[in-house]
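Asks: Chain by chain, the residues run as shown.
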Amino acid sequence: MSGRRLRTALAAVVAAAGLAVSGCAPDEAPQAAADGRVTGTVTVFAAASLTESFTRIGRDFEAANPGSTVTLNFAGSSALANQINQGAPADVFASAAPAPMTTVTEAGNADGTPSSFARNQLVIAVSRGNPKGVTGLADLTRPGVKVALCTDQVPCGAAARTALDAAGVALTPVTLEQDVKGALAKVKLGEVDAALVYRTDARAATAEVTGVEFPESARAVNDYPIVALKEAPNPAGARAFVAYVRSAPAQAVLAGAGFQAP
Amino acid sequence: MSVVLDAARRRGRVPAALLIPAGLGLIFLVLPLAGLVVRAPWSTLPQRLTEPGALTALRLSVQTATLATVLCLLLGVPLAWLLARVEFPGRRLVRALVTVPLVLPPVVGGVALLLVFGRRGLLGGWLDATFGITLPFTTAGVVLAESFVAMPFLVIAVEGALRAADHRYEEAAATLGAGRWTTFTHVTLPLVAPGLAAGAVLCWARALGEFGATITFAGNYPGRTQTMPLAVYLALETDLESAIVLSLVLLIVSVGILAALRDRWITGP
Amino acid sequence: MTTPLLDARLVVDRDAFRLDVPLRVAPGEVVALLGPNGAGKTTALRALAGLQPLTAGHVTLDGVDLDRPASRGWIPTERRPIGVVFQDYLLFPHLSALDNVAFGPRRHGVDRRAARATARDWLGRVGLTGQAHRRPRQLSGGQAQRVALARALAVEPALLLLDEPLAALDARTRLDTRAELHRHLSAHPGATVLVTHDPLDALALADRLVIVEDGRVVQEGDGPSVTARPRTDYVARLVGLNLYRGRAEGHGVRVAPELSLTVADRLDGEAFVAFRPTAVALHPSRPDGSPRNTWAGTVAGVQRHGDNVRVQVDGPIGVAADVTPAAAAQLRLIPGQRVWVAVKATETHAYPATG
Numbered sequence: 001m002s003g004r005r006l007r008t009a010l011a012a013v014v015a016a017a018g019l020a021v022s023g024c025a026p027d028e029a030p031q032a033a034a035d036g037r038v039t040g041t042v043t044v045f046a047a048a049s050l051t052e053s054f055t056r057i058g059r060d061f062e063a064a065n066p067g068s069t070v071t072l073n074f075a076g077s078s079a080l081a082n083q084i085n086q087g088a089p090a091d092v093f094a095s096a097a098p099a100p101m102t103t104v105t106e107a108g109n110a111d112g113t114p115s116s117f118a119r120n121q122l123v124i125a126v127s128r129g130n131p132k133g134v135t136g137l138a139d140l141t142r143p144g145v146k147v148a149l150c151t152d153q154v155p156c157g158a159a160a161r162t163a164l165d166a167a168g169v170a171l172t173p174v175t176l177e178q179d180v181k182g183a184l185a186k187v188k189l190g191e192v193d194a195a196l197v198y199r200t201d202a203r204a205a206t207a208e209v210t211g212v213e214f215p216e217s218a219r220a221v222n223d224y225p226i227v228a229l230k231e232a233p234n235p236a237g238a239r240a241f242v243a244y245v246r247s248a249p250a251q252a253v254l255a256g257a258g259f260q261a262p
Numbered sequence: 263m264s265v266v267l268d269a270a271r272r273r274g275r276v277p278a279a280l281l282i283p284a285g286l287g288l289i290f291l292v293l294p295l296a297g298l299v300v301r302a303p304w305s306t307l308p309q310r311l312t313e314p315g316a317l318t319a320l321r322l323s324v325q326t327a328t329l330a331t332v333l334c335l336l337l338g339v340p341l342a343w344l345l346a347r348v349e350f351p352g353r354r355l356v357r358a359l360v361t362v363p364l365v366l367p368p369v370v371g372g373v374a375l376l377l378v379f380g381r382r383g384l385l386g387g388w389l390d391a392t393f394g395i396t397l398p399f400t401t402a403g404v405v406l407a408e409s410f411v412a413m414p415f416l417v418i419a420v421e422g423a424l425r426a427a428d429h430r431y432e433e434a435a436a437t438l439g440a441g442r443w444t445t446f447t448h449v450t451l452p453l454v455a456p457g458l459a460a461g462a463v464l465c466w467a468r469a470l471g472e473f474g475a476t477i478t479f480a481g482n483y484p485g486r487t488q489t490m491p492l493a494v495y496l497a498l499e500t501d502l503e504s505a506i507v508l509s510l511v512l513l514i515v516s517v518g519i520l521a522a523l524r525d526r527w528i529t530g531p
Numbered sequence: 532m533t534t535p536l537l538d539a540r541l542v543v544d545r546d547a548f549r550l551d552v553p554l555r556v557a558p559g560e561v562v563a564l565l566g567p568n569g570a571g572k573t574t575a576l577r578a579l580a581g582l583q584p585l586t587a588g589h590v591t592l593d594g595v596d597l598d599r600p601a602s603r604g605w606i607p608t609e610r611r612p613i614g615v616v617f618q619d620y621l622l623f624p625h626l627s628a629l630d631n632v633a634f635g636p637r638r639h640g641v642d643r644r645a646a647r648a649t650a651r652d653w654l655g656r657v658g659l660t661g662q663a664h665r666r667p668r669q670l671s672g673g674q675a676q677r678v679a680l681a682r683a684l685a686v687e688p689a690l691l692l693l694d695e696p697l698a699a700l701d702a703r704t705r706l707d708t709r710a711e712l713h714r715h716l717s718a719h720p721g722a723t724v725l726v727t728h729d730p731l732d733a734l735a736l737a738d739r740l741v742i743v744e745d746g747r748v749v750q751e752g753d754g755p756s757v758t759a760r761p762r763t764d765y766v767a768r769l770v771g772l773n774l775y776r777g778r779a780e781g782h783g784v785r786v787a788p789e790l791s792l793t794v795a796d797r798l799d800g801e802a803f804v805a806f807r808p809t810a811v812a813l814h815p816s817r818p819d820g821s822p823r824n825t826w827a828g829t830v831a832g833v834q835r836h837g838d839n840v841r842v843q844v845d846g847p848i849g850v851a852a853d854v855t856p857a858a859a860a861q862l863r864l865i866p867g868q869r870v871w872v873a874v875k876a877t878e879t880h881a882y883p884a885t886g
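Chains as they are written, first to last, in my numbering: chain F, 1 to 262; chain Y, 263 to 531; chain W, 532 to 886.
Don't take each hint at face value.
Short, incomplete list of chain Y residues facing chain F, as computed with Cβ under 10 Å [stated by the list, open to error]: (1) T306; (2) R381; (3) G383; (4) L385; (5) G386; (6) L389; (7) F399; (8) T400; (9) I477; (10) Y483; (11) P484; (12) T487; (13) L496; (14) L498; (15) D501; (16) A505.
Treat the hints as calculated values from the structure; they're not laboratory data. Don't be surprised by glycine CBs; every beta carbon is placed ideally from N, CA and C.
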């Protein structure tokens, strides 16, 4: 069995392991029209925290480029990086942290240098109305306060660790969730009193949770890098999408979701 | 000796039309496992294996899967008996309900468990207030989540065995003076022992591999609720090779235990 | 009859079928319920065992009501002083022969050691000491039958029930086992009811036969009286007799509108006439002179029957005749051929149909 085929097979196993993979094998011929407009399908692998804003940006991109289709695959950044390195046919990778992006660039799968397109900050997500009166990280160590963090292996977990260290707070969470949405879900269900999540995630769930800002979050700001991929089936589309994400209309969408400009 | 002859005779009767898809099916199931073996980082294997996290997760997995199987036996065997032997209105509906966890995505099962046993759940609040018991984020929660997902396998296997067993043996026991409970323990259970063992093994294997309901209901915390499948999934976030090693360990342990059990239990009449 | 140990009237309604069988069995007596398949014999046995509740009637054993729907009296199977030998024995496959036999005593509160001693004793009585530790699947059919008998007797039941005890055995084993079974049943001090469709088993094993057809008792009595005076076609066929019912006047019994049989016995009113197939002679033409009972018929079937040839002849009455192979060859008996049938009056046996 050739290495390439094995890698594809492994990617399929990884995908089957429960990762949300939307259609990622478009057969339409990628084209850049003569006038420079983009056609064909652009497949974007994006971090889970980008779900709301990239769905919107994808639609805007399609409107700006008639004949183009944006296919989005949202999952944890590290999982996406793994899929890309195992040969998943993606055009663009947008990561929630530099580390997963590094694994892609080090594997030689990036086309050019990644650029930062947004920054995100942690907030303390508490049940709507903040029944426990949480005002800062120190409150999370009070007895009877259950906290969910992301696991250290994913960006939101790494950021939480940095912020807690900066604040000098020793916190024992009840669970280390596999991604930020999982941590947020535990707050929504009332199983924990608080979780450290991205401001954008808290903002997307204002119906159920309240985001409490805390000063140490400035020490753990997350950079979101984006890059076109070397083995992109649609290289022109890939480059156009990366450029579009950095343009004013897309940046406005990101700001609306709670992201800060890079 | 006769087993070998029987096997040969049986093979002689299998038509190619069955043999070819059977072979393809086997390849389909085994090839991905071969992939894991081929890609395993054999050089760094010993050091990765002795990492404390891996062993902790493995021990927790085996412990919780075993406890879950015990729980499933205690509750599932009587349930299977009820479904197989007692006529009651709505039995078909109950049987359908029992199999629901089979089709429910385990993550949904986890959420459903939270809605019942969680802090704000139907029973969870009462359990907490009355007994001070909270289940989410505890090892007991892992056992519960695994049991929820695995119990249908046991119930279906045991119910099938009970239906297939000749209930006249129970009548014979009654004529010899055995009450219903004695008949159940001394006649019915031994009669269905092979089906019971098969069901328990299936149940254990399903519990061992449980991921979705566990991470949703019990969360993920090393040493307490992080079972092997969770460790594998989280290792995938950063380090594919770690994930492969952990998967291999899970594979070897489960295949080893299942093979041992099969020889000891599932042979016989 | 002495005071019956078992006094029962077994009434069971099931769909369109109704079983209604009165049954009284004295201590030490062996009664066989004999009848064709579907007659309700097994249902009767299950009712006695408590595996089938009665619709009406009663089962009273040693003065205790085991089942009496009218007064809601009910003692479940496991508390009845009974032992059952099932048709296919139902030995517990996961237990050794010894533990199968010890199962009953254990359930009756005997401790393990004593129960095993009892079981060993019973296995000895049925000649299976050497097979005590074998599993049922390692036993031959005859051995399994004897283990089943030992298991049923080990609880010293007041009522022993046997369902087709020899039906699962091959012919050779059956002879030996039948003799041995007879010995054990004779030794059993309680009441014994056995169900069979085989008249030889019934005659060999039972003191009294109760013939059941279609849920009813059609005849009852000891072996000789039943075989000598069958009252239904079923019984007549079982014992190998030609049987006719008709109206008697003196020595004549009118068994068909155009045929009156002359018989040796003299009686009046409804009567049965029975005679053996060997008492029937066949002739190619009307026999001269002597026999009164002659009529013309058509050969309907010819088959070997032991050393003879059994010929079925249709006519005013259907009759079975046993002739020698030589005679059959001489007569060139083939279906459809016309023959004359003759029966000597002295070979017939006539008896009243009532009482």
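Asks: Checking against the hints above, which ones are violated?
Replies: 1, 4, 6
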